[in-house]
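K.L.:
Going down the list, the protein sequences come from chains A and B.
Numbering of the first sequence is given in the numbering used here, commencing with residue 892 and proceeding in unit increments.
Numbering of the second sequence is given in the numbering used here, commencing with residue 298 and proceeding in unit increments.
In short, the hints are calculated from the structure, not lab data.
A portion of the hints provided could be inaccurate.
Said to hold, decoys possible - Looking from chain A toward chain B, a few residues come up when the C-beta cut is under 8 angstroms (computed):
#, residue
1, Met895
2, Arg906
3, Tyr911
4, Arg924
5, Ala989
Keep in mind the model is a prediction, meaning the values are calculated, not measured.
Cβ coordinates follow ideal geometry from the N, Cα and C atoms, glycine included.
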Amino acid sequence: MNAMIDDETLDRQLREAAPYIDDEGFTARVMARLPATRREPQWLRAVILLGVTALGSGGAYLLSGGGRFVREGMIQLSSFPIWLLLVLAFGCGLLVGAFAVIFAIRKTPEVRDVTQLRF
Amino acid sequence: MELTDADLIARVLGDDDQHAFGELVRRHQSSVRGLLRQLTRTDIALADDLAQETFLRAYKNIRSFRGEAQFSTWLYRIAYNCFREDARRRKELVGVDDAQLQAEHDPQTVDPGLRHDLMHALSLLPLHERTAIVLCCQNGLSHDEAARVLDIPLGTVKTNVLRGREKLKRTLAAWAPN
Chain A
892 MNAMIDDETL DRQLREAAPY IDDEGFTARV MARLPATRRE PQWLRAVILL
942 GVTALGSGGA YLLSGGGRFV REGMIQLSSF PIWLLLVLAF GCGLLVGAFA
992 VIFAIRKTPE VRDVTQLRF
Chain B
298 MELTDADLIA RVLGDDDQHA FGELVRRHQS SVRGLLRQLT RTDIALADDL
348 AQETFLRAYK NIRSFRGEAQ FSTWLYRIAY NCFREDARRR KELVGVDDAQ
398 LQAEHDPQTV DPGLRHDLMH ALSLLPLHER TAIVLCCQNG LSHDEAARVL
448 DIPLGTVKTN VLRGREKLKR TLAAWAPN
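Please take these sequences and the hints and turn them into a complete structure.
P.N.:
See below:
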């Protein structure tokens, strides 16, 4: 009878003895049984988004007295110095651009993976 | 660059990307099927059915995976639950009768041709010890992780691993050529 082996040797032998099981179509069978994705079609999302935007704009136009506040706002803006208008425009552009970049990263897996690179 | 499990899970969650889930299945199918083959005592057809069920449940419940443990540990837990539910359905005892175990474990009754066959020796262990050995020694889970997978106290896992190891060592020592 042999001497008993130690824990480490036994564990190593167990790991080595466990065969790698070839896929042999297993993944395909699982994938075939996955439930269909239930996301609404892209065109429907676009229609809903445009519809809500149009409705909101129309409501805002009517509630603001036919755009009276907008006209007054524009008149006020025209009295501002040009450098302040430029700063405002640049700031707004920067804000919108930042949101667009964040949204793009969140929605695009390839870009998101690049941002998660670890060095 | 190869994506990590976390990256793939993020794709499944964010974009409902089934291809990403397919990659997760490809990566973990061998260890999950291996665990289930050990649990079902190498009943390959049943083990593969349970493995399919495991991955389907994982897909349906992937939002409940919080990333606190490794994805493989989470899969082992689902696999073990699938196995237990199936065993209950089949009205089989989960575990092996002690007398039966003793008979199986007795080196005198073991076919001499199976000497050094570690996997066979493993399959002779009672279920609770076999499961603990497969998870901890073969798949490298910590005792704590195995306790979470099996939903049993940490001390029980340690005892099962200890007893399983001792039985394997004795069996292997008895099988070794003189």
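K.L.:
Take the hints in turn and mark each one as holding or not.
P.N.:
Do the hints match the structure? See the list:
1. Met895: Holds. Min distance 4 angstroms.
2. Arg906: With a closest approach of 6 angstroms, the A:Arg906 hint holds.
3. Tyr911: holds, 5 angstroms
4. Arg924: holds, 6 angstroms
5. Ala989: Interface hint status for A:Ala989: violated (20 angstroms vs cutoff 8 angstroms).
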